[in-house]
Amino acid sequence: MLKQLDRADIDHLLDSLHTAYRLQIPQQLPDGTRHLSPYTPTSVLSLSGEIVHRKPTSFFFPQVQKLVSIDPTGHARDLQKVEKPLALFGLNRADLMGIQFLDRFFLAAPADDIYLSLRQDALLIGLTGFSGPDKSFLPLSTGNCDIELVALAGHWLALGHSTIGKKLLDPYARGLNSELEELRQRDENSSGDLELLQQASHLLMNDLVPDSFWAEIAGRCILCSGCNMVCPTCSCFCVQDRCFEETTERSRVWDSCQFDAFMREASGHNPLGTEALRTRRRIHHKLAADIERWGEPGCVACGRCDRSCPTGIGMMAVAGEIVKRYGAGRR
Amino acid sequence: MNTTLTTCPYCGTGCNFYLLHDDIGQLTGLEPAANHPVTRGQLCVKGWNAHAFVGHPDRLQTPLIRKNGQLQPTDWQTALDLLHDKLRTIATRQGPDSLMFLSSAKVSNEENYLLMKLARAGYGTNNIDHCARLCHSSTVTGLVETLGSGAMTNSLSCFAETDLIFVIGSNTTEQHPLIGSRILQAVQQGAQLIVADSRRIRLSQHADLHLRHQNGSDIALLNGMMRHISQEGLEDRTFITQRTENFSALQQALEPFTPEYVATITGLSSQQIMDAARLFAEADRAMIVYAMGITQHSHGVDNVRAVSNLALLTGNLGRPGTGINPLRGQNNVQGACDMGALPDVYTGYQRVADPQIREKFSAAWGVPLPETPGQMSTHAIEAAAAGKLCGMLVLGENPVVSDANQTLVYQAFEKLDFLAVIDIFMTETAQLADLVLPAACYAERDGTFTSTERRVQRGRKAVEPPGQARADWQIIAELLRRCGLKGDYTDPAEIMNEIASLTPSYGGIEYSRLEGEGLQWPCSDNTDPGTPILHTRTCTRGKGHFSPVTYRPPQEMPDLEFPLLLNTGRTAFHWHTGSMTRRSHLLDREERQAFVEINPTDAEKYQLAERQQLKVTSRRGSVSVRARLTERVPPGQVFIPFHFAESAANVLTNNALDPESGIPEFKVCAVRIEAC
Amino acid sequence: MTEERSLYNPKSCRILAVSDLTPQEKLFRLQLNDGSPLNHLPGQFVQISIPGLTEAPISIASSPTCADYFEIGVRKTGLLTNALHRLQPGAQIGIRGPFGRPFQLEALPGKQLLLLAGGCGLAPLRSLIQYCQNQPSVYASVHILYGARSPQDLLFKDELLHWKIIDHFSCQYTVDQNPSGSCYDGQTGLLTQLLDGVQIDTENCCAVLVGPPPMYRPIIRQLRSKGLVGPQQIMLSLERQMRCGVGKCGHCTIEHLSCCCDGPIFWLEEIEQLRGAL
Ligand SMILES: Cc1cc2nc3c(=O)[nH]c(=O)nc-3n(C[C@H](O)[C@H](O)[C@H](O)COP(=O)(O)OP(=O)(O)OC[C@H]3O[C@@H](n4cnc5c(N)ncnc54)[C@H](O)[C@@H]3O)c2cc1C
Ligand code: SF4
Ligand code: SF4
Ligand code: FES
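Protein chains in written order, with the numbering used here: chain F, 1 to 331; chain B, 1001 to 1676; chain U, 2001 to 2278.
Everything labelled a hint here was simulated from the structure, so no lab data went into it.
A couple of the hints might just be wrong.
Calculated cross-link-like contacts (lysine to aspartate or glutamate; reagent style EDC-like; alpha-carbon spacing at most 16 Å) [unchecked claim]:
1) 1388(B) with 1097(B)
2) 2011(U) with 71(F)
3) 1543(B) with 1245(B)
4) 2076(U) with 265(F)
Some chain F residues judged to face chain B by a derived CB distance under 7 Å, without partners named [claimed, not checked]:
5) 240
6) 268
7) 310
Some, not all, of what chain F presents toward chain B, calculated at C-beta under 8 Å [claimed, not checked]:
8) 33
9) 35
10) 54
11) 219
12) 222
13) 224
14) 242
15) 255
16) 324
Each residue gets a CB set at the ideal place from its N, CA and C atoms; glycine is no exception.
Given the sequences, and given the hints that come with them, work out the whole structure.
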């Protein structure tokens, strides 16, 4: 049943969640960066603005994550389970799609228990509607969260998408379906980025992008790895061991396919041995290989890599260039 | 997940990021600051991995004293008492000037200030220096003479407002990646780019003109360009008359540098030289960007003078999108210089030799101060090797791997009666010490850093230091106290207040004003918003001074016995001697061992294969490195990065010093190569 | 008893014996500490774990028909493999696996098998050879062709001789270079030359290739020209850098496939069109 919350209700909802969950809500950091930070009764909630800076998937798949610890006799111990599940508040549609993508990836057999230990029982709360920068409109979610708050002028419509979400919304007043319908209409024409990706994807899958293109784009890449670090669907990791006196801690660390050593083998042979090949992989993997494997592109159009790329060759920029050069007129 | 905003510990660009840490005080990653004017939500690969070494098991955790030849754990009290006792005894017996203090471009302004105060007021010597000696001492000497200030004249934001960028001797996309990216973006927006670099660096792919001039021939190139500019009447007459002096001397000095003559020295064609001159002079706003390719020569100061002359000749100074932009390497090398961790100046480049200045500091610190300027670090190494130095305190530096001619450096340290090292890891230098003190790293202490664009910014403590490690300022304060000086600083903010009170250019710097974007010095009082561009109306010294120079070849050029020219430098993935980056998994994995770049034609000539292990030999020693065949280096030149202690490039390099700045000639020496 | 254990948690494993195969390669005989069999199939690999040096994927070199222990042949190339070479019988290491898609055993009965190995590739292939060796009459014939760089690089020298004399089996090997003064009196030349001499039953033949990347293209070309053009006639192993072995770390991907779980063994037609596979 559709519900309606006012500002005080939101505070009430958050307050009721934070005892059972490790609740994270969007807040402004000192330089204005919008970031999912731990909820405290005094934190200042940011209910609209740019997409939260750090990818929310990092809560389930952090930059550094312990896998096992190994004692001096070589005996490996599983890690202790976490106490409280996470609740993430304020996810937009792209971020929810990102989590959904990563869920499917990590939970495909054999399921990744390390990911699962953080993801299991976690609560996802979407924030859509008029909650973008300057309260601009953000498209609704596809229902892939527990609760979705849809921002209107002075109140929020609340949809419970899961059983637990519905239950949490029980106490609140009913919302107007007509208001929701109106927004759904609006939704239809807000998918420009996704359309661009689709076109680029089509060109890639039909092998219409020449190698010279990748060499040219690669020439502008300064190998910062930022595009991979910020991408909510990037899942590659490397493994590091650190030997302390008592134990060896084995962790996984976010990796980047833009590194030469990502695939370099002991012999020096490297299937991704040029910058052009690696740049191709960065785009091709999301827009073609992922579709082949998972039926959906790996890019959810969150905009992070375009923002974090120091030289302006993030996904949207490259997809745009592909469509401009090899798309129009040929289709 | 807790967040702490701080400044990147690697290069001098001055990026800011949030360190992320969990409830048990471990770093779990980092996130670039989205709205910081330099960072803008972006970092380079070292920045993205800056959290990785902090919690490394190799971190030093307890003070160590050498007993029976072994470094053994001790407590702080014993360690500090011993350190003070040794330094005091040497100062009394052999004289204060038989001590040398090496400060660090990795520690904060406050820590640099305290160490220079300790050397001067505590132990009575001006023998204090730091690694700027090895990177931008030529800049400071050269630009102070011509402009009155050795700093980068303009700001990073200027790259968005320029018509032409002339990069000479800077592999910017690898060494200052987020400045390099601004250059690439400027090119995308239509700015022109001239790259003068013998190596085919990434920027050269995007350049309108790539000049692969012979290493060490910069003065010939720059003089040739300037001569052609005046021949064509493209100089900025108004600027020259109104803002400069000594122009006729310059004109005279340029006379011999005809395009044809310059071509013979540089290996370029005379057309290339004339093209570069015209392209540069015709731009309304042109920025000159340089780094170690200019400074690290036995004629480094002259190189800087030539760069300065070119900017003055074309009026590219004091306006947005112009300027002389020496890029500082370390995150606080600008600050360490500003703080007077140099033998001849106190903070803000106030001269030790000036009695009034000395009186001011003496009054503030309450002790008489030594009058004669101290020794440069490179000279100190020579002095130590000659047995003329007794004790040294090294703070956060690894000269055994980073100084030229390693054999000499080893000799120097062996001859010392006493060596103390404060560091975060057991570096190659610390391994030689009699006393090693464990320090907190950037993520574990508060302080300020000054970036290449003179931006003073906060570093903030996110997590506790490991074991008993302490912040450097706390360690130095303990020594100050033992010297009978003020040592009870409550925090770095208090130290900054003391700095501000003694330093005109930092007069308005106080912690409460540094939240947000920081402040660019000069910043004279607490209403001063700071200074993004220097020399706008007049130069710091008044008129811009033309300082004519003439070409001198490097001290050691290839010959029959050592037929190849060795160039040294860094890679994108490692920082200097690798103590941090080689302990960061991703960076280490990318480049795990030393290599030598060789042009394929040379490889063919000497019958060398890709990935073959080679022995590279100079007059000073040999190292073993792996061959990497690449067109990046021109025929006749090889390049070795200096990160890898086990095959240290600095075994080979030549400690031929610039007579004025004391900088070694890291960029040119002669070697031969054979299979091993 | 089902023990809940993390995907990334290695089991303890004991080194029973170590022997030198070549100056660069050693054979390790291993047993899980709890005595249980590894339950692998030929072509699968394990992740060998050494604390401080993470893990390395190593193919199982013995047949599952031997349940008491399993063997791996390891070339020293880097940090972990060098450390492994220094270990003595009795030492403990960690193991995860077996992982990966094995040789497609069900496609082999009744066929003429061409088993081609280059260099280190004989180690994984040995698990298949041993498997076939236990039931030689199931196959029309088994031809082992092996090429190494030099005589001293030849792996499993005794077994090479033994495989020659098994019913239905033939075994030939060659070296790229035979330095003067060596007492090797076998063939010198490329693997392709050995293959030239083999009579192929085009319709009923299945070839299995395991070797270094540069070996594949010429051999495949030759097999094709000899008539192996149908589906399920050429099977090969693709090795990539592998960190997890379970399809998560991304290091082993070839376009949309992961070598660690979709492979390492593939039918040629599954990967032939993929960029960067061969
Ligand atoms: C499915 C599979 C089966 C294998 N079977 C065998 C076998 O039976 N016997 C054998 O001797 N070797 C085998 N290998 C190769 C072996 O895994 C590598 O030689 C080993 O991982 C190198 O690890 P290291 O720690 O010794 O070297 P490192 O010091 O880690 O690495 C040295 C270099 O090797 C690269 N590298 C790291 N991991 C790998 C990797 N997994 N594969 C290739 N290069 C890598 C590194 O990037 C580095 O450049 C197999 C590899 C795969 C993928
Ligand atoms: S963010 Fe841009 S510059 Fe950095 S690795 Fe990605 S594509 Fe290259
Ligand atoms: S450009 Fe320099 S300051 Fe910025 S992240 Fe990289 S190393 Fe740090
Ligand atoms: S080894 Fe990790 S995905 Fe294949």
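Against the structure shown, which of the earlier numbered hints fail to hold, in ascending order? Structure breaks hint 16 only.
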